[in-house]
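The hints should help you fit chain B onto chain A, whose structure is shown.
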Amino acid sequence: MAPSTQFELPQPPTDAVSSLVFSPDSSHRLLVSSWDKHVYLYQLTEGEGDNANLLNKYEHRAPVLDVCFGDASNNEAYTAGMDRQVKKIDLTSGEQTVLSKHSEPVRCVVYSSAHNLLVSASWDNTLHVHKLSDPGSDPLVIPLPGKPHALSSSPTKLVVAMTARLVHIYDLPTLAAATSPPAPWQTRESSLKFLTRAVACMPNDAGYATSSIEGRVAVEWFEDTLESQARKYAFKCHRQAAPEEEGGGDIVYPVNALAFHPVYGTFASGGGDGTVALWDAEAKRRMRQYQKFPEAVASLGFSGDGKYLAIGVCPGFETGMEDYTGQGRTRVFVRELGETEAKGKGTK
Amino acid sequence: MGKKKRGHPDIEELLARPWCYYCERDFEDLKLLISHQKAKHFKCERCGKRLNTAGARTIANVIFIGLSVHMNQVHKENLTSVENALANRQGLDIEIFGMEGVPEDIIQQHNQRIIQNFYTAQAERQAATGNPPRGLSGGQGPTKKIKIETPEEIKKRLAEHRAKVAAQKEAIANGTPLPVVAPANGPSPSQVASPFPPPQPGFPYPAGAPAYPPVAYPPGAAPGAFGSLPARPPSGGPIPSALPQRPSYPYPGGVAPPGFPGASPVDESAANAGRAPGGDDIDQLIRMAEAGIKPAKNGDEQPAPTEKKKKGMRMVYDDTEVSPEEKMALLPRYRWVEEAAA
Numbered sequence: 001m002a003p004s005t006q007f008e009l010p011q012p013p014t015d016a017v018s019s020l021v022f023s024p025d026s027s028h029r030l031l032v033s034s035w036d037k038h039v040y041l042y043q044l045t046e047g048e049g050d051n052a053n054l055l056n057k058y059e060h061r062a063p064v065l066d067v068c069f070g071d072a073s074n075n076e077a078y079t080a081g082m083d084r085q086v087k088k089i090d091l092t093s094g095e096q097t098v099l100s101k102h103s104e105p106v107r108c109v110v111y112s113s114a115h116n117l118l119v120s121a122s123w124d125n126t127l128h129v130h131k132l133s134d135p136g137s138d139p140l141v142i143p144l145p146g147k148p149h150a151l152s153s154s155p156t157k158l159v160v161a162m163t164a165r166l167v168h169i170y171d172l173p174t175l176a177a178a179t180s181p182p183a184p185w186q187t188r189e190s191s192l193k194f195l196t197r198a199v200a201c202m203p204n205d206a207g208y209a210t211s212s213i214e215g216r217v218a219v220e221w222f223e224d225t226l227e228s229q230a231r232k233y234a235f236k237c238h239r240q241a242a243p244e245e246e247g248g249g250d251i252v253y254p255v256n257a258l259a260f261h262p263v264y265g266t267f268a269s270g271g272g273d274g275t276v277a278l279w280d281a282e283a284k285r286r287m288r289q290y291q292k293f294p295e296a297v298a299s300l301g302f303s304g305d306g307k308y309l310a311i312g313v314c315p316g317f318e319t320g321m322e323d324y325t326g327q328g329r330t331r332v333f334v335r336e337l338g339e340t341e342a343k344g345k346g347t348k
Numbered sequence: 001m002g003k004k005k006r007g008h009p010d011i012e013e014l015l016a017r018p019w020c021y022y023c024e025r026d027f028e029d030l031k032l033l034i035s036h037q038k039a040k041h042f043k044c045e046r047c048g049k050r051l052n053t054a055g056a057r058t059i060a061n062v063i064f065i066g067l068s069v070h071m072n073q074v075h076k077e078n079l080t081s082v083e084n085a086l087a088n089r090q091g092l093d094i095e096i097f098g099m100e101g102v103p104e105d106i107i108q109q110h111n112q113r114i115i116q117n118f119y120t121a122q123a124e125r126q127a128a129t130g131n132p133p134r135g136l137s138g139g140q141g142p143t144k145k146i147k148i149e150t151p152e153e154i155k156k157r158l159a160e161h162r163a164k165v166a167a168q169k170e171a172i173a174n175g176t177p178l179p180v181v182a183p184a185n186g187p188s189p190s191q192v193a194s195p196f197p198p199p200q201p202g203f204p205y206p207a208g209a210p211a212y213p214p215v216a217y218p219p220g221a222a223p224g225a226f227g228s229l230p231a232r233p234p235s236g237g238p239i240p241s242a243l244p245q246r247p248s249y250p251y252p253g254g255v256a257p258p259g260f261p262g263a264s265p266v267d268e269s270a271a272n273a274g275r276a277p278g279g280d281d282i283d284q285l286i287r288m289a290e291a292g293i294k295p296a297k298n299g300d301e302q303p304a305p306t307e308k309k310k311k312g313m314r315m316v317y318d319d320t321e322v323s324p325e326e327k328m329a330l331l332p333r334y335r336w337v338e339e340a341a342a
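Protein chains in written order, with the UniProt record's numbering: chain A, 1 to 348; chain B, 1 to 342.
Just so you know, the hints here were simulated from the structure itself, not pulled from any lab data.
Hints should not be assumed to be uniformly reliable.
Residues of chain A placed beyond 10 Å of chain B at every Cβ, according to the derived structure [stated by the list, open to error]:
| # | residue |
| --- | --- |
| 1 | T5 |
| 2 | P63 |
| 3 | T92 |
| 4 | P173 |
| 5 | T275 |
| 6 | T319 |
So the derived list for chain A, only partly shown, Cβ under 10 Å to chain B, looks like this [said to hold, decoys possible]:
| # | residue |
| --- | --- |
| 7 | S212 |
| 8 | I213 |
| 9 | R239 |
| 10 | E295 |
| 11 | A296 |
| 12 | T325 |
| 13 | G328 |
Nothing here was measured: the structure is a model prediction, and the numbers come from that model.
Note that CB positions come from ideal geometry on N, CA and C, so glycine has one too.
Excised from the complex, chain A in its bound form:
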């Protein structure tokens, strides 16, 4: 690995990263939400000596659990707060608007530009669907059978992963048209035995990947035919052999982050073991595994044009921890990908 292709962001968050996301266009702007109650906006600068600047940071009342870019022309972003609020942030002026309030912390936010929808998922077991074309209206509240932990959208679908291995898939056009809470388009049980950690949808609208706390990733397809369902698979990853003196076996890390490459349809996984691996979902092969990062990988994001991969690292929360802090150990790396680095063999 040539070191020059990877660099670290200056002025990283002062506590654990909860989420990071690139702008969907090719402007190479990066939003990072953190447990330090701030959202950070960075701008990558191209040219000699890859670098990035902190453009702005937006203070919140409580830790921010998720962030996403909104409408590009308005330069907006949305955040999910521990303070139970879903907020819109004007990235230019820093002005914050509360869109809705949940009765428990908000875990995820997802924006769909095609349907002009913002969906938030909260530990109060509801989804709030905000119709952004009608800003004054109350959000549509959809009750969920479990606490949501991960949320992801493809061009037409929305995948919600909950406790008890529940997975609900909603059809975005139906959500956009609905006036009362619609039934899920599909309800599934996770292919993984353990608590779902992350979900990411394929950019080509064909399916999605999920990961669990038990070092495993599953790839599934939306199409509900026998052939399509027979194609789904799961595999182990982000594990390390324990030293013999500790009894051997494997140390199994949670897979905290998944992200699909917007162009090639391959995907990256990031785990508590501090590694990032690139996978070819079609060919069922690992393409690359990068050198270990100093801490657990908390979040991953590809830039809109697929040229960069951002990696948020901070200490992982482990069983039995009574005290946790990501202070001083939280960093954000950006890897500039080679032209064919994330290109799968099967997708030539």
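Here is chain B on its own, set in the frame of chain A:
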């Protein structure tokens, strides 16, 4: 490595194989080695171009442009280390092309290693198979270890046999029909041939199968214990007491996993007797036969292997109900109290 030749090459063949300086892997011929190096060590990360060497090298008056020169000229980047190389071989200071350029001392080291591995492997093979070393024709080599039956083993076989007969008698007495596979009298021929029960088809034996553990019996099976065998000693603790002594590979002594198709109940019983031929087992076994509940025994056995498996795997985060974020949200550091907002 896709070696087609069966059997074991001799030492000259091994030493003649070209090998890669960066990762110590060896190859059938030089061509393969060079294409390996091009693909693994001299491939440009940025554009996928496969170069011939790391820096630049002149071979037979042809200058080969290397990866670092390429990176420099095409991508304006500096190469600092060779990819996929062993930790101490990542340097760019040594110019490698196929087998050319490998320092003499490294070659020596490599050869030493090959020779040593060769002889260890050879010795192991001989010990395991009892075959004489290559070139010697007679049975002059070391004798097979397996063939020797120690008194303990003979006694153990006897115990095994007794157990089986006893079980069968009980079964007949109770009118339980015998499984067809089990011959009515005595152990099967294969069990006569070897003191160890034969592997069941598809049975997960460890890879080094010839290396049967010479002493896989729990201490209770020491010769002294056998003296008192003819009469069944009163049954002490149930089976689990014998469990901790199990060797670490799965299903020791040929105890098939529950529901395993190839294993008839009686075979299993015999195998169990073979594993721990103490009176307890036999007693247990007979009681089982009396009650006609063989599968239940399997149920008893099952927890041991699964427990072992769980122990071997340690999850860094193992709460299957509550996510790490929820736990963090409860910490004083991050907790949100609604009143605080007002």
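A quick look at each hint next to the structure:
At the 10 Å boundary, the C-beta of A:T5 falls inside the reach of chain B, the nearest C-beta of that chain being 7 Å off. Taking the minimum C-beta to C-beta distance to chain B, about 5 Å, the non-interface status of A:P63 is violated against the 10 Å cut. Here A:T92 stays apart from chain B, with its beta-carbon at least about 26 Å from theirs, past the 10 Å limit. Every CB of chain B lies more than 10 Å from the CB of A:P173, the least distance being 30 Å, so the non-interface label holds.
At roughly 13 Å, the least C-beta separation between A:T275 and chain B is larger than 10 Å, which holds for a residue marked as non-interface. Non-interface status of A:T319 relative to chain B is broken: a Cβ of that chain comes within 10 Å, the nearest being about 5 Å off. With a cut of 10 Å, the hint placing A:S212 at the interface with chain B holds, because the nearest CB-to-CB distance is about 9 Å. Against a cut-off of 10 Å between C-beta atoms, the interface hint on A:I213 holds, since the closest Cβ of chain B lies about 5 Å away.
Hint status for A:R239 relative to chain B: holds, with the closest Cβ pair at about 8 Å, below 10 Å. At a threshold of 10 Å, the smallest CB-CB gap from A:E295 to chain B is about 13 Å, leaving the interface hint violated. Satisfaction of the interface hint for A:A296 is found here, the shortest Cβ-Cβ separation to chain B being roughly 9 Å, below the 10 Å cut-off. Interface restraint check for A:T325: the shortest CB-CB distance to chain B comes to about 7 Å, inside 10 Å, so the restraint holds.
Using the Cβ-Cβ criterion of 10 Å, the hint placing A:G328 at the interface with chain B is not satisfied: the shortest such distance is roughly 14 Å.
Against the hints set out earlier in the document, violations occur for numbers 1, 2, 6, 10 and 13.
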